[in-house]
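A.B. asks: For the sequence shown, full-length UniProt numbering assigns the number 1 to the initial residue and increments by one for each residue that follows.
Just so you know, the hints here were simulated from the structure itself, not pulled from any lab data. Everything numeric in this text was worked out from a predicted model, so none of it was measured. Any given hint might turn out to be false.
Using C-beta positions, here's what the derived DEER-type ranges look like [stated by the list, open to error]: (1) Q175 / N50: 32 to 42 Å; (2) E101 / V28: 34 to 44 Å; (3) E157 / G89: 17 to 27 Å.
List time: in silico BS3-like cross-link candidates among lysine-lysine, alpha-carbon distance up to 25 Å [said to hold, decoys possible]: (4) K117 / K60; (5) K105 / K117; (6) K6 / K36; (7) K6 / K60; (8) K6 / K40; (9) K60 / K40; (10) K170 / K85; (11) K170 / K6; (12) K36 / K60; (13) K165 / K85.
For glycine and all other residues, C-beta sits at the position ideal for the given N, C-alpha and C.
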Amino acid sequence: MIENIKFPLISGNISLDLINTEVVRHGVRHDLLTEKEHVKAWFDTLLSENIVFTQQFDRKIDDWSEQALNLLREIRAYLREHFEKVADGREAPSEMVTLLEERLKQAPFTYQLIDDKLVPVPLGDPAQSLVSLIVLNGLQLIASGDLKHLHRCSNPECVLLFIDKRGRRKWCSMQICGNRVKVTRHHKRKKKEK
Numbered sequence: 001m002i003e004n005i006k007f008p009l010i011s012g013n014i015s016l017d018l019i020n021t022e023v024v025r026h027g028v029r030h031d032l033l034t035e036k037e038h039v040k041a042w043f044d045t046l047l048s049e050n051i052v053f054t055q056q057f058d059r060k061i062d063d064w065s066e067q068a069l070n071l072l073r074e075i076r077a078y079l080r081e082h083f084e085k086v087a088d089g090r091e092a093p094s095e096m097v098t099l100l101e102e103r104l105k106q107a108p109f110t111y112q113l114i115d116d117k118l119v120p121v122p123l124g125d126p127a128q129s130l131v132s133l134i135v136l137n138g139l140q141l142i143a144s145g146d147l148k149h150l151h152r153c154s155n156p157e158c159v160l161l162f163i164d165k166r167g168r169r170k171w172c173s174m175q176i177c178g179n180r181v182k183v184t185r186h187h188k189r190k191k192k193e194k
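Please model the entire structure based on the sequences and the hints provided.
C.D. replies: Here you go:
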């Protein structure tokens with residue numbers, strides 16, 4: 001049985017949430033999506049946060065989580081590579097947009113009113129549908145200009161990315177890195193005082 005996995009920084013942007021399924025703990029990078037059970041746990045988290053809806057998929061996750069695992073890891077690696085470049089101040093490359101648009105064709109959309117929201121419902125294979133929702137969100141971040149506000153956490157050991165439109169945030173979260181850095185600084189100060 002898989003232990004309970006807590007996925008960091010559920011932002012409402014599924015493309016960014018996927019990228020942030022890689023974390024660093026005690027100086028070692030960990031992939032939170034290494035088994036089909038992890039895909040199910042991540043999917044359940046997305047459902048509980050209303051980022052995805054069961055109506056967007058024509059079969060239960062148990063039927064397609066194994067197929068989705070490799071697709072998710074592949075698109076995550078691609079998005080991470082290009083999103084990190086944007087976080088470092090570069091423009092989103094046009095070939096990234098082209099590739100994302102091509103991936104959308106694997107599961108194009110119709111729309112459905114769900115809980116008073118107009119929600120894209122991918123047509124096709126559920127694993128490809130999940131990837132299409134991720135790709136659509138990545139394209140929406142580019143089109144809206146929100147991707148220009150993408151940042152890396154100020155903790156050099158952290159690999160998490162976040163969007164900060166105000167330009168004031170330094171940490172992925174205070175609970176994960178901000179507090180850790182403050183505590184480390186405090187201990188160093190106390191050590192010097194002795």
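A.B. asks: Which of the numbered hints are not met once you compare them with the structure shown?
C.D. replies: Result: hint 1 breaks, nothing else.
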